[in-house]
Structure formats: structure tokens, C-alpha cells
Amino acid sequence: MTTGLVTTTVGSFPKPPYLQKARNQFAAGKLPREELDELEKQATREVIALQEEIGLDILVDGEMARGDMVVYFAEHLEGMEVGGLVRSYGNRYYHKPIVKDVLRWTEPITVDLWRYAQSLTEKPVKGMLTGPYTMVEWSFLEGYDTFRQAVLEMAKAINYEALELDRAGAPFIQIDEPALSTRLEDIELAIEAMAIATEGVNAKTGTHICYGDFVSAYPRFFDMPVKQFDLEMANSSHELVELLKTKGFPEDKEIAWGVVDVHSHVIESVDDVVSEIKRGLDVLPPERLYIDPDCGFKTRTWDESAAKLRVIMEGVHKVRAELGIE
Amino acid sequence: MIATVVGSYPKIPNKPRPARLRNAINKLDRGQITQEELDQVAGEVTIEVLQEHADAGLDLVTDGQIRWDDEQTYLARGLEGVSIGGLIRWFDTNMYYRQPAVEAAVTWREPITVRDYSFAVEHSAKPVKAVLTGPYTLARLSVDHHYHAVDALALAFAEALNQEARALQDAGASLIQFNEPAILRFKDDYTAFAAACGRVTDGLSAETALYLYFGDAEGIYPQILDLPFDLIGLDFVMGPQNEALLKRTPFTKKLGLGIIDARNTRLESPDDIAGKIRTLGDGIDPDRIHVSPSAGLEFLPREVAQEKLRRLASGVRQAEGVPA
Ligand SMILES: [Zn+2]
Numbered sequence: 006m007t008t009g010l011v012t013t014t015v016g017s018f019p020k021p022p023y024l025q026k027a028r029n030q031f032a033a034g035k036l037p038r039e040e041l042d043e044l045e046k047q048a049t050r051e052v053i054a055l056q057e058e059i060g061l062d063i064l065v066d067g068e069m070a071r072g073d074m075v076v077y078f079a080e081h082l083e084g085m086e087v088g089g090l091v092r093s094y095g096n097r098y099y100h101k102p103i104v105k106d107v108l109r110w111t112e113p114i115t116v117d118l119w120r121y122a123q124s125l126t127e128k129p130v131k132g133m134l135t136g137p138y139t140m141v142e143w144s145f146l147e148g149y150d151t152f153r154q155a156v157l158e159m160a161k162a163i164n165y166e167a168l169e170l171d172r173a174g175a176p177f178i179q180i181d182e183p184a185l186s187t188r189l190e191d192i193e194l195a196i197e198a199m200a201i202a203t204e205g206v207n208a209k210t211g212t213h214i215c216y217g218d219f220v221s222a223y224p225r226f227f228d229m230p231v232k233q234f235d236l237e238m239a240n241s242s243h244e245l246v247e248l249l250k251t252k253g254f255p256e257d258k259e260i261a262w263g264v265v266d267v268h269s270h271v272i273e274s275v276d277d278v279v280s281e282i283k284r285g286l287d288v289l290p291p292e293r294l295y296i297d298p299d300c301g302f303k304t305r306t307w308d309e310s311a312a313k314l315r316v317i318m319e320g321v322h323k324v325r326a327e328l329g330i331e
Numbered sequence: 288m289i290a291t292v293v294g295s296y297p298k299i300p301n302k303p304r305p306a307r308l309r310n311a312i313n314k315l316d317r318g319q320i321t322q323e324e325l326d327q328v329a330g331e332v333t334i335e336v337l338q339e340h341a342d343a344g345l346d347l348v349t350d351g352q353i354r355w356d357d358e359q360t361y362l363a364r365g366l367e368g369v370s371i372g373g374l375i376r377w378f379d380t381n382m383y384y385r386q387p388a389v390e391a392a393v394t395w396r397e398p399i400t401v402r403d404y405s406f407a408v409e410h411s412a413k414p415v416k417a418v419l420t421g422p423y424t425l426a427r428l429s430v431d432h433h434y435h436a437v438d439a440l441a442l443a444f445a446e447a448l449n450q451e452a453r454a455l456q457d458a459g460a461s462l463i464q465f466n467e468p469a470i471l472r473f474k475d476d477y478t479a480f481a482a483a484c485g486r487v488t489d490g491l492s493a494e495t496a497l498y499l500y501f502g503d504a505e506g507i508y509p510q511i512l513d514l515p516f517d518l519i520g521l522d523f524v525m526g527p528q529n530e531a532l533l534k535r536t537p538f539t540k541k542l543g544l545g546i547i548d549a550r551n552t553r554l555e556s557p558d559d560i561a562g563k564i565r566t567l568g569d570g571i572d573p574d575r576i577h578v579s580p581s582a583g584l585e586f587l588p589r590e591v592a593q594e595k596l597r598r599l600a601s602g603v604r605q606a607e608g609v610p611a
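First to last, the protein sequences are chains P and A. Here this note's numbering runs 5 ahead of the position in the first sequence, where the first position is 1. Here this note's numbering runs 287 ahead of the position in the second sequence, where the first position is 1.
There's no promise every hint is true.
Each pair of labels, with its calculated beta carbon distance range [to be verified]:
| # | chain 1 | residue 1 | chain 2 | residue 2 | range |
| --- | --- | --- | --- | --- | --- |
| 1 | P | Ala312 | A | Ile371 | 26 to 34 Å |
| 2 | P | Arg50 | A | Glu505 | 32 to 40 Å |
| 3 | P | Asn240 | A | Gln510 | 33 to 41 Å |
| 4 | A | Arg597 | P | Lys161 | 34 to 42 Å |
| 5 | A | Val430 | P | Asp228 | 56 to 64 Å |
| 6 | A | Val430 | P | Lys161 | 39 to 47 Å |
Calculated lysine-lysine pairs in the DSS-like style (CA-CA distance at most 30 Å, straight line) [stated by the list, open to error]:
| # | chain 1 | residue 1 | chain 2 | residue 2 |
| --- | --- | --- | --- | --- |
| 7 | A | Lys474 | P | Lys303 |
| 8 | A | Lys534 | P | Lys26 |
| 9 | A | Lys314 | P | Lys303 |
| 10 | P | Lys26 | A | Lys302 |
| 11 | A | Lys314 | P | Lys105 |
It should be emphasised that the hints constitute simulated quantities derived from the structure, not laboratory data. Think of the CB as a built atom: it goes at the ideal place given N, C-alpha and C, for glycine as much as any other residue.
Just need the whole structure built from these sequences, with the hints factored in.
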């Protein structure tokens, strides 16, 4: 393994068409659970193989069993219910979950598939969880009087899952809080909840938050009790980079610098990636600067995802060579 | 007292009822039906929604904005000078809209919502109000490649929507409502907002309403009482501070009480609703109060929305002292 510019991804990969079809059949009651499980494993093998082939350093299982990052956990936590259809945009609808009753974690949710993915590779595989703030913010709320209460209870449930991943040997656990992007005024609650969610976890922890006004939330935002911040830097403001450069970033923490835009079909050039990495190197030394795409690949095709990752890898090799760390 | 809604309503019901509009749009996308056939389905769904509103016991209804893709694009698509861009989150909700991009002078060509309004009137057992997204919100949530200033763009949208409102008025609309959630997030733009409000209501003889939701009016109240609307609707769910504002300075217009949570499935009881109406409407002539959810209901599953409306209507009747 290299000593700098470690490469990874944010978490989700596109589902192969056969798996998408199988999920629809399963939802319609036309496919047994065991067959879907098998196809999820097949897709996981393909996701791991792709990452190995490209040469990434820290892998993910690609979240082949998850439809939506909140709904998936809602289906497995006691006290949550999957509600009726709500439109998200255009003609797209989803079953928005409801925090219906007292929240309780009863059994491991993500551990089996993580363990399976880790068994396929020598490289470390990240455990991926949805953060307590996002779980509640993106659900309806009936079971608790206050939002705060629900978030803190949710944090305890997520902590159980994090501890299970930790015990299973996950070297790195990422707890994503994308809902915070639009509501950075709730940063105090999110910090409190993250402290509960990561309590007693020995693995390295990180969080991914999509775009957001991190400039206004500076420096408090970086007090989130995780080691690594995975941020969408490719589209971030010049202002944030300047701020990090001049006012600094906690010495003991890392940034995973999102260098390509996953929401665009266009494949970036190696030069684009190189200059984005160099922007990162202006802020942090290579040991604390991880390189990845700026969000999950769920909305891209398999080929687009692979192409973007190849460009990242090429850019990273180039800069590592320049730095003499490869 | 009037039991009413703010605008949107869920477009599809849940199983076992069929998701007719969703299926029809899918079929249109696959080329299996024509645009006319889709319009037919949208009309049938609108009739169903009007029926649900009436069955729930509302006094004043909308067409549920069943044909609207979202609160920005339906109007923007009908205007000259505006194209439709990428998906963006609608405030802090989990719903996304396509962002209008202003490429040239915004111009009103022909009525956009008048056919829908007339259709609703024809098929509704209850009086119908016309609802438009306000000029400031349209301007604030658009990308501006032409005016390069939110005040100028808001005025341009106001000019265009004023013509739309006049067309609605000519079609018989006796109450025309403008939804302006954006101003609660960008209160510094109040001067531009007030100018756009003046322009959009210019020369209208129909009653007009302004609905402000997703927050409170602290900082722009009581100034908003000077705006040229007959009724102003406030959100007492996401803007609980509105209650204190009303205590500080008496409300002088017809009051829209948004007191049912349009964004959460937890059901309010008619008793609680009646209690809230009594507290918040204290000192205001009941004839001058419209009670509604806090915002459009499209954030909820259809069945929950309908149940909320039933409870809303029964809470209103209770507050009026009508035996249930
Ligand atoms: Zn993201």
C-alpha cells in the first residue's frame, strides 16, 4: 500500500440490470428471497472485481442489497415502518419510511454482506452506514415528540450496527449524513448524534456529506467526531479551499477529496483530476488526503462509473509519481 | 370559517387502488399512449381529487395541481424566455424540481392554468380557488442568464403572472392565490418581493391571497400587512413563532391558518385543531379565517393526506360550534 493519496469510493455502485430486474420481481412476490440473495452476492463479486481491477485501495461492497439508503435500514429497525408512496421528482415515487414507535436495533443489518465482500479481497472493505440524523430527517416522524429525541435514539441503534461491523473486523466504518447538507444549522445535533453512533468503535470512522455551505459551518463542522470527512470538492467553492488553507483543518483528521462529479455523464480528463488533487495537496499532506469520486455512483451506469474511477486512478498515479511516493 | 388547502395533492393513491397517472406517464414515455390519452387520465384523476376534497368536508378546494410536475416548472414551461434545467431539491424537502433557466425576456404568451381552472370548476362540488407560484419564488429558484438581478427577474415574472391572473379572473376565478415560500428564506429581498407583489396583483378585481410557508414571518411582519392581498396565509407548523407575531401586532387581513402538518404523517386530532383555531384566531371574525394544512399536501402519501383533510374539516366545524 502507498503512503499517500489513498483511493476509495463513496459507497454505492450501480446495480447490474439483472439485479435491478430481480429486485422488481422480488417486490412483486415473483422471486424467492434466496434467489435474490444469490444475485446480490453475484453483483457484490462483480463490484469487488471491478475495484480490484482498477486498483483502488479501500473497497466497498457497492450496497447491492440497498434500494434507498434510508429505506434499507428502516426495513430492518424495530420502530420503523415503510410508509406509502411519495413522489421524489418527475414520475418517480418511493416509500418514505416512518419512525413509528420506539426505535430498536435487533440484529445485524449490513454485516453479512460486508463480511462476504471482505472475504473476496485482501484489500480493506469499508462498512457503510446511514447516519442517525439523515435516517430521521428523511423519514416521517410519529414515534417521538421531538426530532431531537428521535435522532438521539436512532444514534443508539446505528451504534449497535457500527459495533457489530467493528467486531466483524471492518477496518473503516463510514456513517453518511447527506441530509445535513441542506440544514447545517442542525450541526450541533448531528455532532451529538455522531458521537453516540461511533461510541466504542475501534475502527477508523468517516462521514460523507454531499455539497453544503461548509464555509458558514466552519470550523464547527469539523468537530464531527469522525477521523475522515468525505467531501464533494470538485464542485466546492474556491472559498472553502481558501478557508481550509488559511484557517486550517484539524491536524488529526483527514479529507477524502471528491475529485469527479458523479452527477454528470461527462468523464473528466486526467488533467482535471490532477489539478483537483493538487488543490487538495495545497490543504493537506498526501498521507491525510484520500482521493475519491464526489458522491455514490448509484445514478451512473456501470461503464460510466468504471471510466470515472479509471481516470481518478490515472490522475493519482501521475501525482504520486511526481511526489515520489509510488 | 373556510376549510381549505394550500395547493398540491398527492397524484397517486396506494395499493390496492391503481396508480393511474403514474402508469399513464410511463406509457407515454414508452410511446404506448398519446398525449391526449394522458390528458384524459390527468382529467379523471383531477375529478377524483376534487371528489376527495369535497368528501373530506372542505369548503374551498383546488385542482390538486395534478398536472403540475412541480411548483416551478409548470408555470415556467408556459412562459417565453424560460427553459427547464436540472433537478434541484425543493427547499429542505425530499422533493426535487427542475430548475427554470431564464435565457431571455420573460413573456406571457397564452393562458397556462386557465383550462385547468375551468375544468376543476366544472367538475367540483365546491368552490375552487386558482393557485399560482408567486413571482418572487419563481425568480429566486431560477437560474438567471438574462436579468442578472433577482428584483428585475421577479418583476418580469410578476408582469407575466399578472396576465395569467387576469386570464383566470376573466375565466371567473374569484380568488387567486400566490404561493411565496422563498421569501421566508431570503427576507433581505423584501423590497424586491414587495415590488413584485404590487405588480402581480395590479388591476385585479378578484380576491387575492398570499401564502407563506416553510417558516415564520419574523422580520417581515407586520410589513406584509401592507401588501396588496386580501388574505395572507401563514405556516404555524414550521413557523410556530408566527403565533407570537400575531399577538404583538394584530392581523388586519383575512387570515390563512396553516395548522395541519403537510410534511409529516402524524395525524392531528379534530380537538387539537379546533383548539388551535380558537387560540390563533382569537379576536378575528371567524368569517375572515381560512384553515388549511401548512403547505401543499404532496409531501404525504395520498391516504394520509385525505385523512388529514377530514380531520381538518371536522376541527373547523368544531371550532365554529357546529355539532359534528
Ligand atoms: Zn453525496
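Consistency of the hints with the structure:
1. P/Ala312 with A/Ile371: 26 to 34 Å: holds, 28 Å
2. P/Arg50 with A/Glu505: 32 to 40 Å: Given a distance of about 56 Å, which is not inside 32 to 40 Å, the answer is violated.
3. P/Asn240 with A/Gln510: 33 to 41 Å: For A/Gln510 against P/Asn240, whose Cβ atoms are near 37 Å apart, the range 33 to 41 Å holds.
4. A/Arg597 with P/Lys161: 34 to 42 Å: holds, 36 Å
5. A/Val430 with P/Asp228: 56 to 64 Å: Hint violated: Cβ distance 34 Å, outside 56 to 64 Å.
6. A/Val430 with P/Lys161: 39 to 47 Å: The hint (39 to 47 Å, Cβ to Cβ) holds, given that A/Val430 and P/Lys161 are roughly 43 Å apart.
7. A/Lys474 with P/Lys303: Judged against 30 Å, a Cα distance of about 36 Å means the pair is violated.
8. A/Lys534 with P/Lys26: Violated - the C-alpha atoms of P/Lys26 and A/Lys534 are around 58 Å apart, more than 30 Å.
9. A/Lys314 with P/Lys303: The given pair, whose Cα atoms are some 25 Å apart, holds under the 30 Å limit.
10. P/Lys26 with A/Lys302: holds, 21 Å
11. A/Lys314 with P/Lys105: violated, 35 Å
Checked against the numbered hints above, the structure violates hints 2, 5, 7, 8, 11; every other hint is satisfied.
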